[in-house]
Amino acid sequence: MTPTVTRITADGIYKQFHVRRVLKGISFTVEKGQSVVITGPNGSGKSTLIKILSGLLRPSKGTVQYFNGNTPRQPTELLPAIGLVSPYLQLYPDLTAKEHLEFFGKMQGISQPFQKGLQLMTQFGLKGREADFMKTYSSGMLQRMKYVLALLHQPAVLFVDEPSANLDEEGKETVYALIREYKHDHIVILATNEPQEIQLGDIRVDVTAQ
Amino acid sequence: MALATFIIGLLNPDTTKALIATSNNEVGQNIYIVLIINLIIWAGIFFFLMSLDQKVKKLNERIQSLFNK
Amino acid sequence: MWTLLRNSILIFRKDFRLEFRSRFALNAIGLFAVISLSAISFSIGALRVKPPILSALLWVVIFFSAMSGLAHIFVREEEQQTADTLRLLTQPVTVFLGKWLFNVILLLALEIVIVPLFVIFLDVSGINWGTFIPVIILGSVALSTISTIIAAIIAQTSNRGALFAVLTFPLAVPVLRSAIQGSWTALEGGGLTACISDLQILFSFSVVIFTASILLFDFIWRR
Amino acid sequence: MRENWWKYLLGVWMAVIIVAAFLFTPTAKGLGQTTRVLYFHVPSAWVTTLAFFISAVFSVLYLMRHQLHYDIRAEAAAQIGLIFAILTTVTGSIWAKEIWHSYWNWDPRETSIFMLLLIYAAYFALRSAIEDPEQRARLAAVYSLLAFATVPFLVFVIPRIYDSLHPDPLINPDRKIHMDVRMLRVFLGSFGAFTVLFYWLFTLRVKVLSLEQHVLRKLEE
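Residue numbers (the numbering used here), protein chains in the order written: chain A, 487 to 696; chain B, 2 to 70; chain C, 20 to 242; chain D, 209 to 429.
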C-alpha cells in the first residue's frame, strides 16, 4: 500500500534563509532498518533539515533521493511514503480525533481508517477521546495524536522532530519503544538533543559539521 | 545601416526646408529653446548614467579583490 | 486521476466543516455585503439610479465582499500551522481544486443573499433574470478563480489583509468590466444574445486563469 | 572605452533623435507642435511593455531553475518598467490636457497603461511583504506570470469601454502607409534608442542588485 523505500541519500544539502546560511553541505545515506539522529544546538537547522528531507522545503543546493532498490522514487510518489511528527505540524483545532482519522485515512486511501486509528490511539493512551475536538486536547495529548496520524498509513520513512516534546515519562517510554521497533522494517529519522534519544540512532548527523 | 540612412536623411535639402519652415512659424523661436532644454536634459542623464556605470564597475572590482584575498 | 478528485472533495468537505464550525469567512463576507449594500442604499436614498450605475455598484459590493472573505481559506491553514500537515498529505493540485471549489460555492452562496437584498434595497425593476443569472454565476466563478490563486500567494506573506485587494484588483479588471457590462444589459432587460461577448470573456478568463493556476500552484504551495 | 562604444553611440543617437524630432519632422494634422511629444512618449510606452515581457520571461526561468540571479533580472526589468510606465502616464496625461482638454478621461490607452502601472505597483507591494529571498522570488514570479496571463483580456476588454481618441500612427496599418517618411524614420530611430537605453539601465540595475546580494552573502560567511 505505502511505497517501499530502502535507501535515502542526501547529497550536499545547503540552505540559506535571507542571507543566513543554515545548512552547509549535509550528506549522508541511510538504509532500511537503520535510523538517523540529527543533532545540533537550537537554531542550527535541525528542523530545516527534516523539512528538506521530507520535501516540505526546497534546498538552496543539493539533492535528496529516495530509492526502492536501485530505482530512484519520483518526487510525486514520496508523500504516501512519509510520516512526520513535529512541533510545526499542527492539527485542526476544530476537528475531532475521529474526523482527523477519517480525513487522513481517506486521503491516503486506507480502508477502515477509524478502526486502524483506534488501535493506535489505544496504544498511545488516547482511548475514549475520539469524539473530542483537538482544541480540548492538552499539548501532551496532541503530541500523541500526531504519532497516531503519522503512523496511520505505516509510512516507509518516519520523521520525528523532537520525539518527546510535551510528553510525560510514560509517553516517552511508549515513543522510544515504538521507534526501536519501527526502525527494524522501516527508516526512522529523528532530530533531537536528548542523550537518551541520541542512543536510538544508528547514524548521527551533526548539522553544524561542514 | 539605419543610422546611415538617417544621417543622409538629415543632410537632405528637405531638412533645410523643414528648418526654414519651422523658423518662419510663430512658434519658431520657442521650439529652439525647448529643443535645447531637451538636449541639456539628455546630456545630463547621459553623463550621470556614464559615471554611475564607472562607479559600479570600480565597486565591483574592489569587492571582488577584497573577497578573493 | 480519481484519487486527485476524491482528495479534492475530501479537502473541500474538511474546509466546509471547519468553516461551519467557526463561520469566520462566512460572517465576514456576509456582513460586509449587507453593510455595504445598506450603506449604498442609505446614501442613495430615494434617487432612482440608472442601470449602468446600479450594475457597477453591485459588482463593487461583490468584489469587496469577496476580498473580505475569500483569502481566509488559505490564511487559516498558515495561521493554524496546518499548511505543512496538508502539504504532506496530498498533491498540490488537489489542494487547489478543493479550495477553489470551496471559494466558488462560498461566493455563489453569498450572491443568493446579496442579489435579493440588492433588488429590495435599490428598488430594481425590469431585470431580465435569464440574462442576469448567467452573468452573475460566470462573473463569480471568474472572480473566485483569480481570488483563490492570489489567496494562496498572500497567505505566505506578512501584511495579508491589505495585499489581497491590491494584488487581485489589477488582474480582476477584465472580469469586473465584463460582468458590469453584462449585468447592465440584464438590468435594462436585454436578452442573452446582447451580452454573449461578455459571457464569452468571463468564461474564457475563468478557463485561462484556472489552467494557469493549476500549472503555477505547485510553485506557490511547495516551498 | 572600447566596450562602451555603444553607450557613446546611444548618447549621440538620442541627441540626433531629439534634434530631428523638433526640427526635421513635420507636424501631424490636428496635433500641431505637440506631435513632437510622440517621439518620446510612444517609445516609453514600448519600453514599459518590453520590460513587462522580459520580467515575465525571467520569472519563468526562475521557476524552472530556482536560481536567484533570474529573480534579480525579473526585478530589475520590472523596476525599469515601472519608471517608464510612470513617465508614459505623466507625459501622456500632459499631452491629453493640451489636446483633449482634460488630464484623464479613461481613454483605452490611458486605461491600459494605468493597468500596467497597477500591476507593477502590486508586484512591488508583494515583494516588499516577503522577507526570505527565495520565497520572495518564487511568489513574485508566480504573480508576474498570472498578471501576464490576464493582459490579453485587457486588450480585449478595454477597447470596448470607450472609443479611442488616441492617435495610433504606427499600430494602425492603414495609416502607416500615409505616415510621413520623415516621421516614420525618426519614430523608428527613437524606438531603437529607447530600447538600447532600456538595455543599458537594465544591465546597470542587474549589476547593482547582484553586487548587493554578493556582498550580503559574503559578509555572512
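None of these hints come from the bench; they were simulated from the model. Treat the hints with care, as some may be off.
Here are the computed lysine-lysine pairs in the DSBU-like style, where the Cα-Cα straight-line distance is at most 30 Å [unchecked claim]: (1) D:415 with B:58; (2) A:547 with D:215; (3) B:59 with D:305; (4) B:56 with D:215; (5) D:305 with B:58; (6) D:415 with A:510; (7) D:415 with D:215; (8) A:602 with A:592; (9) B:56 with D:305; (10) B:59 with D:426; (11) D:426 with B:56; (12) D:415 with D:426; (13) A:547 with D:415.
Keep in mind the model is a prediction, meaning the values are calculated, not measured.
Checked hints:
no., hint, in the structure
1, D:415 with B:58, "holds (9 Å)"
2, A:547 with D:215, "violated (38 Å)"
3, B:59 with D:305, "violated (45 Å)"
4, B:56 with D:215, "holds (15 Å)"
5, D:305 with B:58, "violated (43 Å)"
6, D:415 with A:510, "holds (27 Å)"
7, D:415 with D:215, "holds (16 Å)"
8, A:602 with A:592, "holds (12 Å)"
9, B:56 with D:305, "violated (40 Å)"
10, B:59 with D:426, "holds (18 Å)"
11, D:426 with B:56, "holds (20 Å)"
12, D:415 with D:426, "holds (16 Å)"
13, A:547 with D:415, "holds (23 Å)"
Of the numbered hints listed earlier, those contradicted by the structure are 2, 3, 5, 9.
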